[in-house]
Each structure stands twice: as structure tokens, then as C-alpha cells.
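Novice: The residues making up each chain are set out below.
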Amino acid sequence: MTDDGQNYSMFSSRLLVDTVGDVTDEALKASRLKDVIGVLAGRLFNWGQRKSLFPLHLGIKCCALEMAAAGASRFDAERFGVFFRSSPRQCDVLLVNGPISKKFADPIVRLWEQMPEPKWCIAMGECAISGGPYFQSYNILEGVDTIIPVDVYIPGCPPRPEALIDGFGKLREKIIRIGAMPSHSRLESEAPIIIGDI
Amino acid sequence: MAEMWISMGPQHPMTHGLWTLKVKVDGETVVDTEPDLGYIHRGVEKICESRDFTQITTYCDRLCYASANTWSHAYIYAAEDLLEVEVPERAEYIRLVAVEIQRIASHLMWLGAYGPDIGNLSVMVWCLREREMMMDLLQELGGSRMHYNFPRIGGVKRDLPHGFALRARHKLKLFLDRIQEYEALFDESTVFLIRSQGVGYAKPEEMINHGVSGPNIRAAGVNHDIRTSHPYSVYSELDWTPAVERSSIKGADCYDRYRVRVEEMRQSANLVLQALDKIPGGAETYHEPGDPKILGKAPIRAPEGTSGSHHFEDSRGESMFYIAGGGEGRGKMPYRVSIRSPMFITIPYASKCMIGYKVADIPAIMGSFDPCIGETDR
Amino acid sequence: MPVVSEKTQQAAAEKLAEALGKMEGVESSVDVRTSGTQNRPIVNASVSPENWRKVAEELKNKHEVDHCSMITGIHWPESTDKTWEVVYHFLRTGIKNPVIEEGLVVPNIVNFSKVKGKQVPLEIQISVKIQATRTPSLASIQDIWVGADWNEKETWDLVGIDFEGHIGMRRVLNPHESPVGFHPLQKQHKLRYHGFEEMYDDAQGFMRKPVDSSRVK
Amino acid sequence: MASSDWLDIRGWTESLIGWSMDKTHDTLPSEDIDLEFTISRPEWFLEEPIVIGSEINLQSGFADIQSSLEAFFISTIMCTVVFTTMMLTLMVVPYIERKFIARLMDRIGATTSLRSLWIGEGPSTAGDWWNKLPMGMGIPIGMINRALNSSFGNDHHLETIDRVGNRGYHGIWFLFPGFFQALADFLKFATKEHLVPDKADKLVFEVAPVIIIATTIMCYAFIPFGPHIWAANPELSLLFLMAIFGIAPLGVFFAGWSSNNKYTLIGGMRSAAQLTAYEIPLLITVLSIAVISGSFNILEIVDFQIENSDTWNLFMLPLGAALFLITMIAEVERIPFDMPEAEAELVEGWWTEYGGIRWGLMFAVEMMRAYAACILFAMFFLGGWEFPFEDSLAAAPVLGFIFEKLFFIIPGIVVVLLKAWLLFAFFVWVRASLHRIRTDQILEFGWRYLLPLSIVNLAFAMYLRLEIWTGNSWPIWVPPVITIVSIALFIIYAIDEDKDALEYSRRPYNTQTLDKAYPGSRRE
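Chains as they are written, first to last, in our numbering: chain A, 1 to 198; chain B, 1001 to 1378; chain C, 2001 to 2217; chain D, 3001 to 3524.
Among the hints, erroneous ones may be present.
Said to hold, decoys possible - Here are the computed lysine to aspartate or glutamate pairs in the EDC-like style, where the Cα-Cα straight-line distance is at most 20 angstroms:
#1 1250(B) / 2101(C)
#2 1250(B) / 2081(C)
#3 2190(C) / 1328(B)
#4 1352(B) / 2143(C)
#5 2187(C) / 1036(B)
#6 3262(D) / 1036(B)
#7 1203(B) / 2101(C)
#8 3199(D) / 113(A)
Treat the hints as calculated values from the structure; they're not laboratory data. Since the structure is predicted, the reported quantities are computational estimates derived from the model, not experimental observations.
Using the sequences plus the hints, can you model the full thing?
Specialist: Here it is in C-alpha cells:
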């Protein structure tokens, strides 16, 4: 976020923040306090990120109804902190639940770009994993991982709501293992999890 | 304020599915609208040309995912017309039970999605809770929660399981009392009445000319229903009347469409209860799958030049299949499958209905037409 | 449940079929669908492309066919007598606006068993065959039945049959930037992996046993 | 004598600060210190040496500033005390919202707990994270963990236990399932990337949330939590509070305008229109409270209800209570008046473009404003920190003695918080059962109905204060009569069975928008 051109006022607060920041950083590092805070706060913020995963209110096809059923009273996904928001700015999980047609390819990439950084993508249902029953179609991409890096695959057509909630569970495991790293730096180090094989 | 185009884009809480409604807005009132469909067009008609007749039912389940059974039955009736197949009486009754339970589930999904459109979230969770009951019943028949692949050409995949009639009667009676809960939340809430009455007028003659049918046209005080005007299956055996709503003079508004669908839910529940009583051979006798009582003989090839078509009363309107025989594999696969989606015709009409109303009325009007984009984009 | 009797429906269908038959360039017949508890007659007519517009107006004004259900475009490249065919499906529903008495709308409930003349609901299927041309086109019926508007757009978008006089013809289902001549439902376009053996051979990714290498799964 | 209870935090801080100031004053040296010193210059410069400094008496110098120093320290401490009570009790508000609306929706709602800080997720756990602490600080934590795991039956082959297999020791961490969901949300917001849309007006985009947050927190300076727990108590605290409460719509409008998105533009304008439409009835209702209680100071209003008139204003001004509730729901933009943040057509209304910490803070501020509204209602209408039926219960023949002791033990703040939380539950109940009203209907309802009604309410309050008030209490018959009459009126108006509407076989209703809209009326 270094938009240098942006100088808010005569007195540049950015300069102040930088200098104060560096000085305190050195002091903390010298006194090893930075490690203590790093470890303890790391656990706390990791718990925070794990316990509140906001998926985007995006319904493409049949899996959207299973997503709604997961949010309803029988399989209450909100028990695990899953709270559907409808603006990509406020979400951290892009739950892709249907086939991606050529016409919807760039809107969904735009949605993925609009989401703030520690973000994950869950491919729910066969259509999102590999184009599903429409893999031969002239208008459907074979799976959402052709355009967006996917973290968790949930097979099923449509997967049951319990599988969706288990998918969020798998995502939480990934977060506790590798922490909430930004998605671009996550690409190589982490193989995507496929439900059912571990 | 100058008029500006807002695009209620593919991803939008109002659109139940993916489509864009470009709205020209002058301040708060809507001046012009233009729908843009095709975001989940997956070429089902092209794929069906290289699938044989039994494989196509799975694609038809996934057309309109809120009412999978009605669509697979619509295809099966057209295929039976193409292959000239006789369906045993008991299979017709079982199909009627499956279709009507699916209609209740589809209307419940609509009511659940209509609540948040107007601002009330608790009705969505209540309706999905009842829909789970209906899906349990259909899961006993078809095996999975949403896409059942239940009908076969010439009959049904499997007979009513043991105790199905008992559970179905219990659940439907419980459901009939639960409808009072929704009516309390909708009818007795003054806020809902303000938001839905006098909004989104549509006259019946204008609607039928635009090709709109189903609950949307019955809301305008006309009892047009494919099940009565062009009776198929065993609807003529059971005594029921299509749910018709006394609309306003300027035509049906959102409130009437809501009333019609709630009435239809009650009516479908009664239809299923009647069918379970009148089913030939009794609801408790169980026939093995493939038994001639529930599955008639059916050829697997359709010679070139033959064609079959069937109009079907889907929960959203009049759906139809036209199949031309004689495709690949010496006729094993159809040459052309054409699908009439009621919502593909209703959405452009509904978006024209919004002109003149406020921006806040767009979800109310669009939601009351119950769009299901899966079938629209095929 | 009062249902329209087979006799009246059959009689009405014959009357319409023979009225259509009289118009030039039209052969019409009535065939009966037997599925379900009641046989239902369908008025079947095949019209030559030139006077299709006249038949359409005739249907709408004289026979009060008020609902255009579906328009299907079919591409017959190998068949001899036609290379393009458009199949229209209509329904005569006999819907009238409900009458209004002292500010109150009285819903008009039609009792189908006592329905007569133009009120009898009918299914009509009309097929128009177009000979071998690279640019098949037909008269548009958008202004007669507004419901046919988006059906025609979809037929042009998917099959490539143009409709003269259609206002605002555009692609509705395919992406707007798809190539100009691309109409997917024409037979020369094949599906991805069409007739592709090895796609099915090792779909699971492990080598096939030699014994069934020839068989297509 | 103003009502008071033993939890006299203000008194303790005053005495502590006073004592410490006197102590420092005494320890300072009392004799004068001669600070004069001269700078001598070489003789050839021919001028006298420069004399700087003067005599200072530290004690007298300190005595001059002692009073202002005391005031400064007292107000800082009280501000922190009030802010921490507000923030801690605020944790309950999202808990009520998420759990109560889930239960109304027949769901379970969030069940996150601090216990999951400790145990892992399914098979994968955090491992021995404490060994990463420097200088061996982690070893004791490891030992404690192993001891607890082994003594409470967890197989401690894993450092941190896995969620599925081990219910184990960490039971008390399972306190209030779902209570810490709001904390988890906020921590996640804090670690989110900060996105600013490039064509947005950066400065206003950053500053707008600050306006909303700052003004809302400033309101809490004037809201007393108990007889002695308040940060500032100016003479006209009510006016000051209402003024600050009214600034937030400005921030909302800036946020909507600056994020350069059509949805937020409409959302921002809608919120500005709605909040101004509901500001005036709110102020008039609050004015009627000040009129009937005879003062603009919130503490005195509560004391008026407890000491002077001994009846809650709710029973004197029921219409005012209803108006205050409705206008507060509109001010705080909750469901029936939720148009600016309308889920359905505006995606998220004016905060669509905000993500990360700004949105998290605005999420918290929404809760704070609703919480402030609930506390204010408790102060104005429900008699602040007086237990319901406190006097009559205390005067009861036999049990009176126990009640008296009980009322003495329970501090005022507990009663205030209970009332506020119950009122917030009412807000959530309204949110679960009503739909969203359209913007023009909201504005029309605000201008046409709430404004005249609030003026009627003000006139009634004036009449009560001038004519009926006997100097030290209301005549005994006045509160019951007003309450019964208003309940009767409410029932008459609530029953909207409309004869001619019934035969339309529809549910009738009679709230009028443009014209009398009974079912069928718009069927022209």
C-alpha cells in the first residue's frame, strides 16, 4: 500500500509512522519481545481468522441451494463462524458453487481480485472442480482452477451441506497449519486439499 | 439527478442465480431495464445430442435445480411421446406424488428467497427448514437430496418404499400447519403489505401474449393451468382446482403472486395426500424395481423423422420439451432436444414490469416472479 | 375434476386442421397423444416459408391462438428435402381478462367440461422447412406474439436461423464477444472430446489393460 | 440528595487523587529556592553581569496547579473506566444479536469458544508453539499443558490436543459458546488487507469512518452507567449528547459518496435523507423528556424519576417511549428502517467498498450506537439504576428486609446493563420479524406521522409539567390513568380488523402510505 504520491497533509503522517515504526521494531527485536508477541499474537490472530470465515453470497447453480441449506437451521454453518456477506470486500472465502461459463469467467476473476488479501477459494461441486456433467460443453471452463488458485475441493453433485461444512473444516486445518498467508505467496508451498482422501 | 445505468451485476443478492439486470435510474425511480442472461449457459441441448435417452434425465434434473423432479418428468413425458410408450397406472400416481412434493419444495425455496429480498431473514431459514422435510421424502424416492434421476421412460425407477405413505402424510400435515407461521410473518405484517401491494402490476392477456404462464398468470384471476387445460398424467382423477387469486383491477401485483404460491403449496399437499389414498394397489404394496406394474416396456431407439413434444406444468410456468429422433448411434441418441424454459420468457417481461417503480421495488418484483436461472440459460 | 372432454377437443382440432389445410402451401393433420389417462389431439401442420407470416396472422386473429410456446431451430445437413427446419409450438388457452364488477375483480374460472368453440384449449405444432441455403431466414412473428421475441433471439443465437423484421436481434445466451458466424447447435460443431477414445480409456489416469484396449468404455 | 450506591468509583478516584495530590504537596520542599544566578562578563565589557531566574517556592507553585491537575487525573481515570465498562459490556451485545436472532430463526448460532485457541482443528493441531518462545519462556507452558492433559485424561502424544478425540480438561474455556465470535470477527478484520478503490477519493474514504467512530465513542462520555460511573457530567449533557449523536450521518454520507460506487452513492443519499427525517422527531421526544424531568442533565433526569417523582417516565410519557424507540431504530439503521444498508438491492449500501479494519470498526460502531440507544432509553424512560418496584418491594412487610439488603448490595450499573441488554433483545426481535420498508415510505412515515406525534407528545409533557406537577411528586392517580388510557388507545389502534376489508378475504391492515391503503384500495 505504498502510494507515495499520496501526501495527506503538510505534515506527512506517513513519514512519522515509518520512523516510529522502524525505531520500535528495532527495539522489540533487540529485546526479543518481538518473538514473544509474535508467537502469542500469532496464535490469537490465527484463532480469529480460523473462527470467522465469511464466504461470498454468490450462488451460481444447484450447489448454491446446498450452500443456502448449509446456512439454514438444519445444518447451521453459522455454528462455525460462517456468515454470508454479499460484498467481496468483506469476505475472505470465495465459494464457487457452479460451472464457470466463458461469460462469467472475467466477472468471477474480478470478484476474486476485489477480495482483501488473506483469501481462499473453495471449489464446491463437480462443476467447479472439473466442469462436471458439462465438461464437454462449448461454453463451460473445465473447473474454476483454470482461472483462480483453489484451496479446497468439495466433490459431489451437489455435495451435501455436511460436506460443505467439512470443507470449511478442512480450510480451518489449512489455516492452522500454514497460517493466514496471502494467496499469491501460497501457491507452490501448499497442495490443495481434496476432501475424502485424508 | 441525471439518469444513470446501474448494473445489478451477475453476483447480486437480488438475483437468485447469475444474471445481470441493467437498470436506468432517475433518482430512485426505474426508467428502463435490460436483462442480460447467459452467465450459466452450458449448452445442455448440444450435450443431449450425444447422450442416449436414459442419460438425458440427469441433465434435465440439473436444469432448474430448485424443482429437479418436475423437469426430469417433463423430459420423460416428451420422450415417452417420441418412443410411444405405455405407462402403467401405478407409475403415473407415483410420478404425481414425486412431482407435487417437488413443487412444494420449489415454492418453499421461492418463499425463502423472497423474504430476504424484502428484508426479512428469518423466513428464509423457516422455509428451508420445511424444505428439508420435503427433501427427506424425495430422498427416500430418488436417493439423493436434490437431483433424483427418479423417472424412467415408461415408469419410475423404484416403487414407494415401506412406510413412505405414513411419513409423507405426517410431514405434509405438519407442513400444512406450518404455513400459518409464514402467513403470520407475511400477511399480518403491515410492512410486507406496504412493500408488496400495488407493486409490479401485470394483466393476464398481456401476460399470455408475452408467454408468461404458471403461478404468475394465475395470480391475475385466470385459471390457466396445463394440468387442467391439457390434462396429462392422472390429474383428472383427483379432485382439485388450480389456485387462482383475486387480483387488483390493474392486474396481478407481488402480493397476489405470493398468495397464489402459498395457496398452491396447500393444494399440492392435498394432491399428494389424495394420490397416496387412491394409488392403485395401495401405497404399502412394494414392487421390485423394473416390475411391469411400475415400469413399462420401452424401445431404446427412435427412428429418424419421428418427433415428440409435451407441455408440462412446472412450478414456475409451462415447461416443454420437443425431441426429434434419429440422432447418432442409429437413433439411440436424439437428433435435437429443444427445451422451453418458462423463466427464459418471463424474465424479460418481469424486467419490463419494473419500469416506473422504485429501486427498492426491483427485488420485490423480480423475486415475486420466482426466477430460476439454471433453466433460463440451459 | 372437470376436464375438457375428448370429443369436443378432437372436434375443435379437426375444425382447426381443416381450416388451416385450406390455406395454400399448408398441409395439416391431427395426431393423438395417448400418454396419460386421456388422449389429446395435436394439430400438426407444415407450412412453406413464404406464406408462413400469413398463416401466423390467421392463427392469431381468426383462431385466437394466443400463446406462442416455443420456437425450435433444427439443422438437417444430410437430409434431402430440407437443410433447416423451424418447429413452432402454440397453445390456444382462451384467456380473457377477468371482468370487473363495482371495483372488484371477479376471477374468471373456466369450467373446462362445458367449454365450447374458440374456448377449447388446443396444442398446435407447425414445422417450416427451409431448403439448402447458407443464410436461412424466416418471417418474424415478434409483433404477433411478443412471447416469441426471446425465442427467436435464442434460435438465431444457437442455430443461426435469421428472422426478418425482428427488432433488436442480439446474442442472448452465448457470450457477446463470440465469433460472428458461430452458432453452436449447427451439426458441424462437435462437442469437446467428441468420439475421443483415450479420454474414456484412462479417465482415472491408470494404464488400460491390453485385453480391452479396443473396446470403448 | 442524588441517588447513590456503594459502587462509588467517582468518589474513590476523587479521594485517591486528592490524597495523593496532598501527599505530593506536603513532600515538596516548602522553603523558597533561590534560582538566581548571574552570568559574569569580563571587565573590559563594561556592563553589569546578567541575572536570570527568580525565587521559586515549589510548594506554592504546585498548590496553584493542584486543582486542575486533580481534575485532569480524575477525568482521565473516569474516562478509561467508562470506556472499558462500555467495551466489555459491548461484547454482550453482538452475542445477544447473533444468538437471539439465530434462536428466533430456529438455528443454533455461533458456537466458537476460547477453547479452540488451545485445541487444533480436526487432525491438524498447532503443535508445540510455545517452544518457539525465546529464552525458554515456553517450557513452563509446556509443562502445565502436559500436566493438565495427563491429569484430565487426554492422550498427550500430541502437544496441543486434537478437537475430535479429546474433550479433555480445557472445559472452562468452553464458556459461553459463541460469546467470543465477535472477538474472532474483529481480530480477523484487524488482519485484513486495507484496500482503497483507486478512483475513490482517498482522503474522504479514509476520514469518513473516523468521523462515525469518533462521534459514537464521544457519546459515551455523557452516558452515565451508574450513579457514580460517568466520564463527564456537564449541565446540559443531554443536548451535547444528542448533538454528537447526530453527526454520524455526515460520516455515512461521506463514506457513501467517496467510495465512487453507484450502490454506495444511493446508499449514502438514502441514509442522509432517512437520518435527517428521523433526527427531528428524536430531538423533540428527548426535549419532552427534559421538559417533564425539569433538567437537561441525564443524571438529574434519572434522579427525578428515582427521588422526586418516584415514577418512571415510561408511565408518564408512553407515547414518547414508543416514538423514541422507533426513531432510535431508524437512527441506528436496523431492519425495518434498514434501507441504506439494504441487502437486497444495494449489496451492502454505503459500506460496500469498505473491507478490513475500517469495516470491522464500523461493524462495532453499529453495535455501539444501538447499545447507546438502549442505555439512553433505560435512562430516560426506565428510571436508570432503580430496580423495578424498588420502593414498594423494600416496604413490603416480611420480605421487605431481604429486598432492602438486596437492593443495597446490587450496584446501579448491573440494573442499567440488564435493562439495556433486554432492550437490545427487543431490537433484535424487531429485526427478526419485520421486513424492510422502502425509502420513500420511511421518509413519508417519518415526516407525516412521527413529527406531529412527537409534537403532541411534547405538548402533553409541558401540560403535565406545568399543570399537574405539584412540586415534589405526581398526584397518585396520574401515572395509572395515563398508562391505562394509552394502553387502551394502543389496543384500539392496533386492532385493524376492517369490516369491508375482511370480505376481501385478505389480512387487513391500516397503516396508510399515500392514501388509505386497505387491501383493495389500490385496486382502482
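Novice: Run the distance test for residue 1203(B) versus residue 2101(C): straight-line Cα separation, threshold 20 angstroms.
Specialist: holds, 16 angstroms
Novice: For the pair we were handed, residue 1250(B) and residue 2081(C), check the Cα-Cα distance against 20 angstroms.
Specialist: violated, 50 angstroms
Novice: Mind checking the alpha carbons of residue 1352(B) and residue 2143(C) for me, to see if they're no more than 20 angstroms apart?
Specialist: It holds: about 16 angstroms lies between the C-alpha atoms, which stays within 20 angstroms.
Novice: Would the pair residue 3262(D) and residue 1036(B) pass a check requiring their Cα atoms to be no farther apart than 20 angstroms?
Specialist: Since the Cα atoms of residue 3262(D) and residue 1036(B) sit roughly 19 angstroms apart, the hinted pair holds (cutoff 20 angstroms).
Novice: Residue 2190(C) and residue 1328(B): Cα distance at most 20 angstroms?
Specialist: holds, 12 angstroms
Novice: Given the hinted pair residue 3199(D) and residue 113(A), is their Cα-Cα distance within 20 angstroms?
Specialist: holds, 16 angstroms
Novice: Check whether the Cα positions of residue 1250(B) and residue 2101(C) lie no farther apart than 20 angstroms.
Specialist: holds, 13 angstroms
Novice: Between residue 2187(C) and residue 1036(B), is the straight-line Cα distance small enough, at 20 angstroms or below?
Specialist: Given pair residue 2187(C), residue 1036(B) is violated - Cα atoms ~27 angstroms apart, limit 20 angstroms.
The structure is inconsistent with the numbered hints 2, 5, although it conforms to all the rest.
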